[in-house]
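Protein chains in written order, with our numbering: chain R, 831 to 1236; chain B, 831 to 1236; chain Z, 831 to 1236; chain Y, 831 to 1236.
It should be emphasised that the hints constitute simulated quantities derived from the structure, not laboratory data.
Quantities reported herein were computed from a predicted structural model and do not represent experimental measurements.
Please note that a few of the clues may not be correct.
Where chains are identical, the list cannot tell them apart; a pair therefore holds if satisfied intra-copy or between any two copies.
Stated by the list, open to error - Straight line, CA to CA, 16 angstroms or less: simulated EDC-like cross-link-like pairs of lysine to aspartate or glutamate:
1. K1144 / E858
2. K1153 / E1185
3. K1108 / E1098
4. K898 / E1112
5. K1093 / E1077
What follows is each chain in one-letter form.
There are 4 protein chains.
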Amino acid sequence: MIVKGKIINDPVYGFLRFPEPELLQLIEHPWFQRLRNIKQMGMAALVYPGAVHTRFHHSLGACHLMGKALDELKTKGVHISNEECLAARIAALLHDIGHGPFSHALEHTLVGGISHEALSHLIMMRLNAEMNGMLEKAIQVFDHSYHLKYLHQLVSSQLDVDRMDYLNRDSFYTGVSEGVIGYDRILQMLTVVNGELMVEEKGIHSIEKFIIARRLMYQQVYLHKTVLGAEQLLIKILERAKYLVAEGAILFATPALGYFLYKDLTIEDFRNEPEHLKRFCELDDSDVFAAIKTWQEHEDFVLSNLCKMMVLRKLYKVILDSKPLTDIFNRKKEEISSKLHINNNNISYFIFTGETSNNTYNTTDERIQIALKNGTVKDISEIDYSLVTQTLARPVHKNYICYAQI
Amino acid sequence: MIVKGKIINDPVYGFLRFPEPELLQLIEHPWFQRLRNIKQMGMAALVYPGAVHTRFHHSLGACHLMGKALDELKTKGVHISNEECLAARIAALLHDIGHGPFSHALEHTLVGGISHEALSHLIMMRLNAEMNGMLEKAIQVFDHSYHLKYLHQLVSSQLDVDRMDYLNRDSFYTGVSEGVIGYDRILQMLTVVNGELMVEEKGIHSIEKFIIARRLMYQQVYLHKTVLGAEQLLIKILERAKYLVAEGAILFATPALGYFLYKDLTIEDFRNEPEHLKRFCELDDSDVFAAIKTWQEHEDFVLSNLCKMMVLRKLYKVILDSKPLTDIFNRKKEEISSKLHINNNNISYFIFTGETSNNTYNTTDERIQIALKNGTVKDISEIDYSLVTQTLARPVHKNYICYAQI
Amino acid sequence: MIVKGKIINDPVYGFLRFPEPELLQLIEHPWFQRLRNIKQMGMAALVYPGAVHTRFHHSLGACHLMGKALDELKTKGVHISNEECLAARIAALLHDIGHGPFSHALEHTLVGGISHEALSHLIMMRLNAEMNGMLEKAIQVFDHSYHLKYLHQLVSSQLDVDRMDYLNRDSFYTGVSEGVIGYDRILQMLTVVNGELMVEEKGIHSIEKFIIARRLMYQQVYLHKTVLGAEQLLIKILERAKYLVAEGAILFATPALGYFLYKDLTIEDFRNEPEHLKRFCELDDSDVFAAIKTWQEHEDFVLSNLCKMMVLRKLYKVILDSKPLTDIFNRKKEEISSKLHINNNNISYFIFTGETSNNTYNTTDERIQIALKNGTVKDISEIDYSLVTQTLARPVHKNYICYAQI
Amino acid sequence: MIVKGKIINDPVYGFLRFPEPELLQLIEHPWFQRLRNIKQMGMAALVYPGAVHTRFHHSLGACHLMGKALDELKTKGVHISNEECLAARIAALLHDIGHGPFSHALEHTLVGGISHEALSHLIMMRLNAEMNGMLEKAIQVFDHSYHLKYLHQLVSSQLDVDRMDYLNRDSFYTGVSEGVIGYDRILQMLTVVNGELMVEEKGIHSIEKFIIARRLMYQQVYLHKTVLGAEQLLIKILERAKYLVAEGAILFATPALGYFLYKDLTIEDFRNEPEHLKRFCELDDSDVFAAIKTWQEHEDFVLSNLCKMMVLRKLYKVILDSKPLTDIFNRKKEEISSKLHINNNNISYFIFTGETSNNTYNTTDERIQIALKNGTVKDISEIDYSLVTQTLARPVHKNYICYAQI
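Next comes chain R alone, as it looks inside the complex (with noise of 0.2 angstroms):
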């Protein structure tokens, strides 16, 4: 249905071709195209209105990404199996299947500490045995069980297709063009050594360029006051609800929404009760929207005004500093406070503390090797004239504060 001839038409990158039928069955199957309705950047096209792509999308980017890849390496004389190429593709395809609405609100509430990679890797699992070991060799390289070590970096690693369609995409969508990476040069540069993936070492600085449009996308984009203080708003009203409805408070939901507003399961859970993920796979953006826009009339007092001030975008003033903030705080708290006469329990609803971290390049995490000329391999932060020197390997912090506006 969703595939024209098998070609799907993307203003990114022109024309994806799907023509392997594993693909088109998973592409078709409920449980992706749910991604459908699963924004890619949440909350941040209230600043980019452009940005309301979704992870459906993104998905299918990733997948192409991955065949581009390795049809470059492929020229490079890396020998890799039709059945290979199909499990990386489907790796690709699927690595974000365990995506919720809204899902950095999401992790932190209603399903609170499983980590969409968990769920990720449990649905390849469902999907498999419906679909009879499909998805047996796409899953180990998923989860690294699988032995070339590259197949699974081009997965996740800080060069994976992943964070390569997601810069473009997103810069794309947000018309923000700082962001944009030349994604077909990059895969020219592309090798295999040892098993593991590599850059060749004139491609340094196509690496660098990509770094660098990362590092922008997250303090322009990702890490935008508005949208970090429209985040956090959304946690808090995902938590209020969820307080309300452990006191035996009545709210209105979705039938897949209230499944998780009245339970609290736990990546075991999900495991041992196929009838959670079911549910899970029920959920997406409309059932957070249309309950916030009905919870507005809600007679608890923090629960209706939190949702008033998401739907009519009085979003937390967000102060951001790299030193902490405990002045500000405690000044703005009373102010606060007193104006809207909240005691202390509900306080933290209206004005908290907070902290961010964000790495240009982790040389803990799957690092970005160089393979240079001279047959040696270094690590792209250890290249004396690269820029991604230890200044960008370090993390940076910052201190946050959300209070409403009143």
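Add chains B, Z and Y to chain R, keeping to what the hints say.
The following block gives chains B, Z and Y in isolation, referenced to the frame of chain R:
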């Protein structure tokens, strides 16, 4: 909140600037903000996954183009006051504010027979009252009661900023590059003669290109079979839901949707009872989609099956032809009713016929006029060396059958 | 030297890949390299300053598109051998190698009456001899003696890779975005039926767009009055130079240009005397422009004045009309001859008439055929709902006057 | 002639508008028109065949950006008179008018030791005299004698419209998309503090991106080995030609080129004798290339061989390293002199060493200053969280060897 120093990123035009406080006030209004959750192209995203842009973004774009068009006319010596500029910008910003979610389907069902233009007009009147007459002139421009005809033509004619923006934007987001129009060149070719909007003679080819691009977008996107099938399915779902409610059945619905499921309103009702409009302005895509997901489990065979078809994307198959399709229709109908054991009352939910009609250029509507070098004015379809001849002006009727895939 | 690891950057298509050593050998040949100094659009750069791209780049682009077209046909099951692919790629690469500098002007003067196609063919024969028969099959594809008709049609027809590349490239470099064609979609729609190149029925609208884009480029760029005036001026300059030389005058010229100023050669001469072709392949834009700059100081009143007009861009004024322009012509002629005191022998260098003719679609040439879903084949101009009707197929004749600005 | 109703198409920015008659007068001047035949990137087109754009186009682009920058500053309350705007636009338009063909090579040979800036200044003085003082203020802006420092900084500093245009334009035409800069965002971030050009603090990341893009273009394009080899070859050809002429040899040359082959001029000579400048303004790429083609047949072994190397693109091989390359140099030199039987006088035409040096950011030149939110001003390299640290500020020296391929 939405606006970052009054400048909004737009991947289509780069930056949109809104220095006027009146525009900012309107943009921040919840009735306008609601357009953020209404997809511009409705069901077309099923075929073109990039096409998830919103009516919010389109409205900003139309307002942007209005500003550019007026700037151009001013450099050609047309005198336009600041007040008139603002009025025209407001009219462009709000021209689509009366759209509900999946507007084509809605206008046939939930708010049967009420056009979005009528609702836009009504909403503008309400906002005007709320804002102490700020929209007075904008409403005159919109409803054609202002004496400068060309301002209205820029808002609503066959060469208005609405079409210019949606062709461009829809092309951009679908990735169907053939629809891209040279909007900057068209803007440059605009002129005003005797108070009417015209195109300079040397701009004829750009206009031809514009009309051809529109024709192409209709063929390839707006009237795409799958899109047509999905829209018809949504209409049938909402029809069934209203029918069941009228029969006394209980259906899950968000409050916003529920309000309209249980009522049959005329435009007169909307005029007389402000609550109706207020509620209408709470509706968005999430209400519709949340309901459909939930109705999959409804006990009514017809409703639940149609909703499952939607969620699983087993949309109606569509056969489209310029000739009547009676034979195929009868054969398919027999086949479906025998397979599904559906009685005659309900078979029309699973197979039915319809008709589409589309003019590439409509000679009776607000026409495109060319200011010839010799001082005369001609309709573009009357210029002998132009492409926009009678052929294109003749409407294209097509018959179709929709039927469930069983 | 030119190629960086066999990959060449192209702003139009991204990267061009030339893995075949035969192609690299041809690209490095000085006769091909010479195309680097021949502008694709000749005088059009006077109006569109970005349009300084070369025939070298266009030839690489056409060869690239040929590769893409053949890949597409292969995925549709058309069997094409590696040898045939190479032959078709070579034919596309060399299809324009017979162009001299400012080809239209040259074909009327320096190498009067000899078409660039004839020279391309001759050059391919020479290269074939030099390279031990490597171009045998390519020549057959080029001159239509190879049994697979569609290969020739891809090189030379109304839907060949030449047109696809030049429309795209010329649009790109001029900045006239209306000329951009959806070449990737067109390539996807190609098919082969009974050995002939066809377009699938669903591709009709893309073809329409292609033809309309071409029409637009002709109107806006190729037949632009200023471009026409500049080309005519160059013709008159070269005519005068040849005339003076024939009269025994001494003119500065580079050796390459001088060779042809002093000779009147036929295609037979080129065939019989290899030196002619060798010398022809030394000519490029710099020879022509260096001469014109120098001839500004020549003692001949006509030559020096025409050359000054060119260097100072005081080009001929052009009046273009579908009707004859006798009256204006006579009036202007009188005016100019009395002002410049030019006798009747020379007045035609300062004012003259001419005729242009252009088909948007030529029904007698290599036509565009549509493979209909019902299994039959139709010329695109015979499909009733297509735009490419008799109107477009009828050639557009125009009369013009060129006259010096005095 | 050049301008179509004062609007020029530019694939980089869309449309360039030149409403000011003074600018049109300058653009139409033959000394400015001559830039049409001088490629912006000189020899780089050998590696990037799309990079054939001209200094003419770049100059128009810089003038365009100046207009945009001033518009931006005006909206921020900086008062700039119409006269100052015009002066700044003129200065941007003419900033490169002193460039000759293949400027780097020329400045080392034909007009040895005279910088193009000095010639630009001199040309502007001449035009000013010719045009009755029209350029008075523009010259002051250009040579930094005007009291508004930021106007000069926009013309010439590390964040001037020259760099902004050339990075963008060179990226566009080479197809090296990594060099693309978000010029519109940078323009938006400009401000003026105490009469100096600054960047607002929130614009730091855009500036970083700009500097990184520049760094990348240097590595990948401007200092590309093949380009370096070609430029050195041209220098050696012109050196040899001057040497031969000094020895009394006869060489073919266009009058424009011949004039400089036979003279050794200083900037003083240019100032004192107007004829020199007039002749300089007749030189363009065609003079150089026409000579080289002809010199292939010259009897001097060195000259003819170097010219053949150029025409056949058998350019020097280049080895580039941060360390000295003495060993390789000696080995290669021996090899070449024995093979070619070249005596010691001439061997340096076939093998030689050199040095390149490049600053990504130069802390001593016109710096980029950031206006911090706290009211202070800092050089971008002094901002601790910025990328432009000492590392980038340190110049990168490299040694190279060029040697003929034999």
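Okay, the hints, checked on the actual structure:
1. In this assembly of identical chains, the alpha carbons of K1144 and E858 lie at most 16 angstroms apart only when taken from different copies (10 angstroms versus 39 angstroms within one copy).
2. Taking CA atoms no more than 16 angstroms apart as the test, K1153 paired with E1185 passes inside one copy only; the shortest distance there is 11 angstroms, against 46 angstroms between copies.
3. Taking CA atoms no more than 16 angstroms apart as the test, K1108 paired with E1098 passes inside one copy only; the shortest distance there is 15 angstroms, against 46 angstroms between copies.
4. Taking the closest pair of Cα atoms, K898 and E1112 never come within 16 angstroms of each other, the shortest separation being 32 angstroms inside a single copy and 42 angstroms across copies.
5. Taking the shortest Cα distances, K1093 and E1077 sit within 16 angstroms of each other inside one copy (13 angstroms), while across copies they are farther apart (35 angstroms).
This entry does not satisfy hint 4, going by the numbered hints stated previously; all others are met.
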